[in-house]
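Engineer: If you're matching them up, the sequences are chains X and D in order. Just so we're aligned, residue 1 is where the first sequence starts under the numbering used here, counting upward by one. Just so we're aligned, residue 1 is where the second sequence starts under the numbering used here, counting upward by one.
By construction, these hints were calculated from the structure, which means they are not laboratory data. Be careful, since some hints might not be right.
[What the hints assert, rightly or not] List time: in silico EDC-like cross-link candidates among lysine to aspartate or glutamate, alpha-carbon distance up to 20 Å:
#	chain 1	residue 1	chain 2	residue 2
1	X	K201	X	D310
2	D	K217	X	D246
3	D	K217	X	E134
4	X	K201	X	D118
5	X	K155	X	D90
6	X	K205	X	D90
7	X	K85	X	D7
8	D	K252	X	D310
9	D	K235	D	D170
10	X	K201	D	D90
11	D	K252	D	E206
12	D	K164	D	D133
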Amino acid sequence: MAKISIDLSPLQKASAWKPAEVVFWLLPVIAFFLFPKSLALLSQIAITALFALSLDLILGYAGIISLGHAAFFGLGAYAAGLLAKYGWGDPLLGLAGAAVLATAAGFISSFLVLRGSDLTRLMVTLGVSMMLYEAANKATDFTGGVDGLQGVEMKPLLGEFTFDLYGKTAYWYSLIVLFLMFWLARRLVQSPFGHSLRGIKQNVKRMPAIGTPVHGRLVAVYTIGAGYAGVAGALLTQTTQFVSLDVMSFSRSAELLLILVLGGTGSLYGALIGTAVFMAAQHYLSGINPQYWQFWLGAALVLIVLFARDGIMGFLNRLPALAAKKRGD
Amino acid sequence: MTIVFDGLASGMLLFLISVGLSVTLGLMNFVNLAHGAFAMLGGYACVVFLSRFGLPFLLAAPLAAVVAAIAGVVLERTLYRRLYASSHLDQVLFSIGLIFMAISSAHYLFGAQQQPIFLPDFLRGQINLPGLDIGIYRLFLIAVGLSLAYGLQWMVSKTSFGAKLRAAVDNPRAARGLGINVDRIFTLTFALGSALAGLGGALGIEMLGLDPAFPVKYIVYFLIVVAVGGSGNIKGSLMASLMLGLFDVIGKYYLPQVGAFVIYAVMVVMLILKPQGLFGRMAAK
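Isolated chain X, as found in the complex (with noise of 0.2 Å):
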């Protein structure tokens, strides 16, 4: 039997870090000795990042549709502060147990989302996230319901770094966190499995043609998904001491779809500068006044969908074409 051998070097070559990336995480280094004072701010946006890139596995690569994405975030954020409640104080065991319930809730609920179509999954995804926000809305003793989760301590970093005033150990650790998780996700877009979700996305009727186990890529990019949610619900309650209700919140789903929306969706830097670009004009516009900005992010959302599908990721990429169309005229 004649060997069959495939030339991988073009997937090698793609997967190999590229100068723009090293500038690119540079910037939050810089941005700490830059912006001393807002620090933060830094912190959600690392935090907010990590969220939008949970959602972009699953929307952006695979293609499932989800309006209760914060169901997981805010499982992750609870369990983090319950468990820093209750004595185990320690963020990174923290964010394990976070990690591990919301997987576990994101296998279980993936068999339902799973099941019907786009119009279906939308509802309950939906339905999912509207029901553990009546939960923990109605199961006061244990949530605090409206007024938050109060009381959670955490101590120190790996026994070391304290929480302080000015944020900076948070944002460090927010910062590394996000970017390990980053570095993971982008080795797994990369593989075969990635490519195989890209695939699905495109058609799911032919993927099955060639082998791939469509069911199982959607319900393990799914489960992916929300431990990466549950990871940064973590992260915010760790970071901020406090859980309020609204991490599970229906706007808060519909911001993260904006988010990467704006960023561009099916590329990991997309979520990546959508946070930044959405929530730095997010603190400056709502400081000016929450309902104006309000009014703006729909406005956004409206002609974003009607005019630049692809976001500031699809605009950057097209950038090099524009170019040289200019330089041939």
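Given the structure of chain X, go ahead and fit chain D onto it with the hints provided.
Structural biologist: Only chain D this time, still in chain X's reference frame:
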């Protein structure tokens, strides 16, 4: 019994508001999460007509429906129609954008508080029967709801507009080939759905309340009606709305600590067991 009656009345409101969504979502295959925004618009329009212009309630509510219908037509012609062929994700994002804009506009114009509603005297009060207190307004709602449901059913099944609508939905290409102006049918249907939502919003202020968060607060209820009732099915929507209204009111009365949890659970279970809805016919697409 009184509780049952209240449940039926709130079910009627849900029916009025969601039947339009059932058509756009189920038949035209457009995920319009912003449907509640039209109901909210109707509600605010009604409040303005009542308090600023001093119109009588029975005139203000239909006018509110007209306002919602006009908004529906304008948005359909300018924005919605561009997205009929888009993916569901795009439609969701688009309508979430509209919700955000609607909420913040309502905030800006009317403030965050609940809007008061002053019903005319003849709609207030109760009829007291042995063992049963019937609010007159509740009775009014049920009467309006039933007659509209009947009218809609008649329109869809008996009139030529109804026949064209069914044709346009089942097979737009063939309908076009037969000389039916599918675009106009869709616009009219969208306007009708918005008008009903507006009317429901106006009539519902007394029971559902009206504040800027309205479109998000009730979004799940509208979706449940469509999910349970089956898409584009008027009888199904009516039954589903009544059931939902009953469950909701009874649940809140007897099991307040569980709250809306049951409703959401019912929806998820429904969707999984019977994606076509309890009374559903198979969607054409």
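Engineer: State for each hint whether it applies.
Structural biologist: Quick rundown of the hints versus the structure:
1. K201/X / D310/X: Roughly 16 Å between the alpha carbons, so the hint for K201/X and D310/X holds.
2. K217/D / D246/X: holds (14 Å)
3. K217/D / E134/X: Holds, at about 12 Å.
4. K201/X / D118/X: Cα-Cα ~12 Å, so holds.
5. K155/X / D90/X: Holds. K155/X to D90/X sits at ~5 Å (cutoff 20 Å).
6. K205/X / D90/X: This hinted pair is violated, its Cα atoms lying about 46 Å apart.
7. K85/X / D7/X: Answer violated: K85/X to D7/X is near 54 Å, above 20 Å.
8. K252/D / D310/X: Answer violated: K252/D to D310/X is near 44 Å, above 20 Å.
9. K235/D / D170/D: holds (18 Å)
10. K201/X / D90/D: holds (15 Å)
11. K252/D / E206/D: Holds, at about 17 Å.
12. K164/D / D133/D: Violated, because 44 Å separates the two Cα atoms, which is more than 20 Å.
Comparing the model with each earlier hint shows violations of hints 6, 7, 8, 12; every other hint is respected.
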